[in-house]
Amino acid sequence: MKPLDFITGEIVGILLFFIGLYGLMTKKTIVKTIMSMSIMESGIFLFYITINFTEGAVPPIGQAQEAAFVDPVPSALMITAIVIGIGVTAIGLTMFMHYKQKHGITHWSRNRNQTGSGH
Amino acid sequence: MLYLLVIGPILAGIVSILFKKRDTRLFIVGAQIVQFIYSLIIFIQVRTDGTVFNYMSRLPEGVAITLMADIISSVFVLLTTIIFLMLMLYAFHKDYFTTQFGFLFLVLQGLIISLFFTTDLFNIFVMLEVATVVVAILIMINKEKQAIYDGMIYFFVNVIGTAFLLLGIGMLYRTTGLLDMRAISEALELLDSPRAVILPFAMMMTTLSLKTAVVPLFSWLPKAHGTPSAPPVVSAVLSGLFIKTGVYMFIRFSAMFEPVIQAQELFFIIGFITSIFGFIMALSQNDIKMILAYSTVSQIGLIMIGLNMGSDIAYWGALFHVVSHALFKSTLFLAAGQVYNQYGTRDIRMMRGVLRSMPLTGMAIIFGILGVTGAPMFNGSISKYMISYGSYRPMVQLGLNLINLGTIMYFLKFSTILFGKDNRPEDERPPKEDLLSELLVFIMGGLILLTGVYGPVSMDILFGYQVEVFSTEYFEKGFVYALMIIAAIGLYNGVINKGGLLDRISHVELTFNAVITSMTGFFIFVASYVYFIL
Chain A
3 MKPLDFITGE IVGILLFFIG LYGLMTKKTI VKTIMSMSIM ESGIFLFYIT INFTEGAVPP
63 IGQAQEAAFV DPVPSALMIT AIVIGIGVTA IGLTMFMHYK QKHGITHWSR NRNQTGSGH
Chain B
19 MLYLLVIGPI LAGIVSILFK KRDTRLFIVG AQIVQFIYSL IIFIQVRTDG TVFNYMSRLP
79 EGVAITLMAD IISSVFVLLT TIIFLMLMLY AFHKDYFTTQ FGFLFLVLQG LIISLFFTTD
139 LFNIFVMLEV ATVVVAILIM INKEKQAIYD GMIYFFVNVI GTAFLLLGIG MLYRTTGLLD
199 MRAISEALEL LDSPRAVILP FAMMMTTLSL KTAVVPLFSW LPKAHGTPSA PPVVSAVLSG
259 LFIKTGVYMF IRFSAMFEPV IQAQELFFII GFITSIFGFI MALSQNDIKM ILAYSTVSQI
319 GLIMIGLNMG SDIAYWGALF HVVSHALFKS TLFLAAGQVY NQYGTRDIRM MRGVLRSMPL
379 TGMAIIFGIL GVTGAPMFNG SISKYMISYG SYRPMVQLGL NLINLGTIMY FLKFSTILFG
439 KDNRPEDERP PKEDLLSELL VFIMGGLILL TGVYGPVSMD ILFGYQVEVF STEYFEKGFV
499 YALMIIAAIG LYNGVINKGG LLDRISHVEL TFNAVITSMT GFFIFVASYV YFIL
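Going down the list, the sequences are from chains A and B.
In this text, residue positions in the first sequence follow the working numbering: the first is 3, and each later residue adds one.
In this text, residue positions in the second sequence follow the working numbering: the first is 19, and each later residue adds one.
The shape of chain B in the complex, shown without the other chains:
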């Protein structure tokens, strides 16, 4: 009965909007709790009995529209329901939590879950298109000038991106006569010439690269995730969860095309470039939300590296990094929301002494930073360790260490808000944030530590993959981490902070037309690359 998880939140949203004259917040949170329990049941069922299928009609398999919960998708769905529950509780006392906002959030949840479950290509197109509309409305919910501009760019770029997907699906249907991903995978093996799927492959990968925001198609992401006036909950769900739909589809689509086209190496290199570019851009920002948004670009690059390394442990490490990233990035976005609400500015040079004025949020930020930089015993270290374990090539190791050094550097810059003296006058401070949201941020920070300390256990529970992490090598990495912090402090204060280069980089930005042109260029590049390797 997987469809209940898809239709449930949407129905709950419709009911809440019918009674919008009353206070519907409790009802919406209640619906989230039910969703969470049901997804937990599905998760346990998948882990004990294997993959669950849900056919939408009595047609034979491969023709009927199918929902499928296997190990990967059940974990993603469980993660979705946990994060949505947390976000709803966080927003409970905020003034932007209206019925309309709750309705949009519930619909978005249904769409994300259905993207994780469905195996039908046309369903994916429909869900992506509707989700684009919902997310665009959520971005510009405050109707500010900048927010509307960012929302429009997000909307048009993504609609054009999904048009590529639709044409790709059409070409694939023309070749195989099927729409179900598993059935297409079987049919592609029987294909006479793999050249017939070059164009659909390039089209679909263009959409996916846009959705996962890899170089050169990442320009929309900082605009959408770092919109100044969007509520922190929206940024958290976009950066923590929604971007993962792209990663998930990348996993499914590469599995679908695997019999004929293997392009792991291309996406491995693209992942590296994305990751390095992401941290350079993050280093050059001063806006607290923009730093976090570019950090997402960098971490997605790391996930792509792990997925395409071609080794088992790195693959599962990348999937665990999806979970870790969802936890620490939503924590950081929520905490950042609390902080800039209190300080009345988003410029990190103006904020000092968060740890003293908001201890719970400050602790959550520390946990988040330790998680994302991969400090020992935090969840980021487990996944980064597994990814780096996948390859012994010196160039790869060097690159991964460089990425981690960059991550530490921009989070050093970020962490300056924690310490120092708070020089706001006493009487100008806004009223304190409500306790529920403070506590929620702290609990999410605690989850980062928890999944890190019990890293191998949570790996086993979530993905059923046994891994020995706490070895001597792991503690050697801890030593390297300490060295890196010292190096990062030196580099940041000595070289980067003084040069004027970063200021110039921070203004590098693509216009709308340039984004579309790079999309077309990427499509031509992928098509010609696949043409040459086949």
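Same shape as in the complex, but just chain A:
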């Protein structure tokens, strides 16, 4: 048994998820929020694609072989999730750029101005 055997993809994935969460909890800059979100999502992707990883498994294509097949479902799910993740990041950046260029604000503000009227 190798000394670093406990560092599997799943563990690293969960760690990345919580590192991203830490960034979201502490950083007030909107760009850093978007970056933390991406880190969090990468953690999830890594977690999924290493679910039930077995050494020497083969892709489930072609004729039946000696070795075990890899479960194709998590990879298929992650293709969808990665596409969604890119879309979400793009939309978040678009919103942020629009907001910054128009109103010059780059941080999450402390208070929402409740002026009531002004419709």
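Just so you know, these hints were derived from the structure itself, not from any lab.
Check each hint, because a few of them may be wrong.
[To be verified] Quick list of the computed label-pair ranges, beta carbon to beta carbon:
no., chain 1, residue 1, chain 2, residue 2, range
1, B, 526, A, 10, 40 to 50 Å
2, A, 68, B, 73, 28 to 38 Å
3, B, 419, A, 92, 49 to 59 Å
[Stated by the list, open to error] Some chain B residues judged to face chain A by a derived CB distance under 8 Å, without partners named:
no., residue
4, 113
5, 114
6, 140
7, 141
8, 151
9, 166
10, 169
11, 178
12, 188
13, 192
14, 468
15, 528
16, 529
17, 535
18, 542
A quick note: this is a predicted structure, and the numbers were derived from the prediction, not measured.
Ideal placement from N, C-alpha and C gives every residue a C-beta, glycine not left out.
Model the placement of chain B on the given structure of chain A, informed by the hints.
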């Protein structure tokens, strides 16, 4: 053929955006009518033949992606199509009803319906994520500064929330190797140790609590639902319908985890806290939309109480409250939209005499208020009566009465806009709202009364649950209601209006980072709670 209800509105939206140079409003309304008729057919089919399944491929059950219409989901879908049809008719003559707006609305309808039908966990994640994008665009459709800020908070908080769901689904897949909710429920019974699902349970419940906006994760809701510049139709669909997707998923997910984890008591208490917190915050607001948004928080708390009380009648009462809440809250939001458009302000201290200047809208507001406060013969009273019937514990009864007292108090504050003298100068008034929208608001108000007067009948038609409501006890509740109004008037004018406490409460607000921190805290709390009860 349930998938037609999902793909139909999205296709109609794409067609409308292809012909966006022409006036597509009639086409969009026509598509809504077709949707409504088809969902009615599905509803009747479910009520006569039982649950309808629609498999997306020829794989065995539990592996194939499945759409399922049972009693609960068919009612939710019927409600969705009714409300969307009403909202489209309401917006017909408004200037914000462009093709782009109609397209977003149709897509949102397809997504909501698919959330109600699907049994596949990954589908739920995809639909939630896309719906978040659509709703965020709808919130900031006017591109005002405040609206963009609110939309961004809504967007980021919800995307992070669904990330929790995705990781939870992954952990569940790792344990069971399945994605279908019914199949997972069967597989969980065979599990050696229930400890393996603590983390996925906590992750998924964090997302659901965020979506249903319970304490402490409600901060995004008033921002999103009460955005100043968002059209009233958007607020109505968010508060009336979209929040119900969270409630629906809560029902499904608790059923899925039921073989191993029962956490009803936790969510029962959370429901109480949410409800009480919601009415206190609503009481402290002066913005007409913010009052309604915090009222949604309070009513969702009440629904959670009913769902987790552990008695049959309270459970169906809570489901009926979902229907009632959808009707009266969308009515109130639409009516509020008419009113603040006319008066040019959203501050309720500046509005007086709505009943005289806009009689139809004024009547609809009265119906809505009577519905939400649970006046006898209105639909809110039926559901609240059924929820309170579920438990005889004195503490529960006391709590429910306290919540109702609070509801009456902030709607007393709200109802001050109806009476008094309209002191706007005659020549500064904007042109009257178009008749179609006035009529629509009034018809929706009428529906509140109709489903209330025929409460047991509509209960039987919708959910197939027979209940005897109009008993002596029900009329005793009417007497209690009258007493409560007097108490509320006294309390409001005597104590609450004078103290400066409310002004301070109204500024209590969490920043973005605090929202995420409370989300993490909630996750750790749920995980440790489940760890201790197992």
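Hint check:
no.	hint	in the structure
1	B:526 with A:10: 40 to 50 Å	holds (44 Å)
2	A:68 with B:73: 28 to 38 Å	holds (34 Å)
3	B:419 with A:92: 49 to 59 Å	holds (50 Å)
4	113	violated (14 Å)
5	114	violated (13 Å)
6	140	holds (5 Å)
7	141	violated (10 Å)
8	151	holds (6 Å)
9	166	holds (5 Å)
10	169	holds (7 Å)
11	178	holds (6 Å)
12	188	holds (5 Å)
13	192	holds (5 Å)
14	468	violated (33 Å)
15	528	violated (10 Å)
16	529	holds (6 Å)
17	535	holds (5 Å)
18	542	violated (11 Å)
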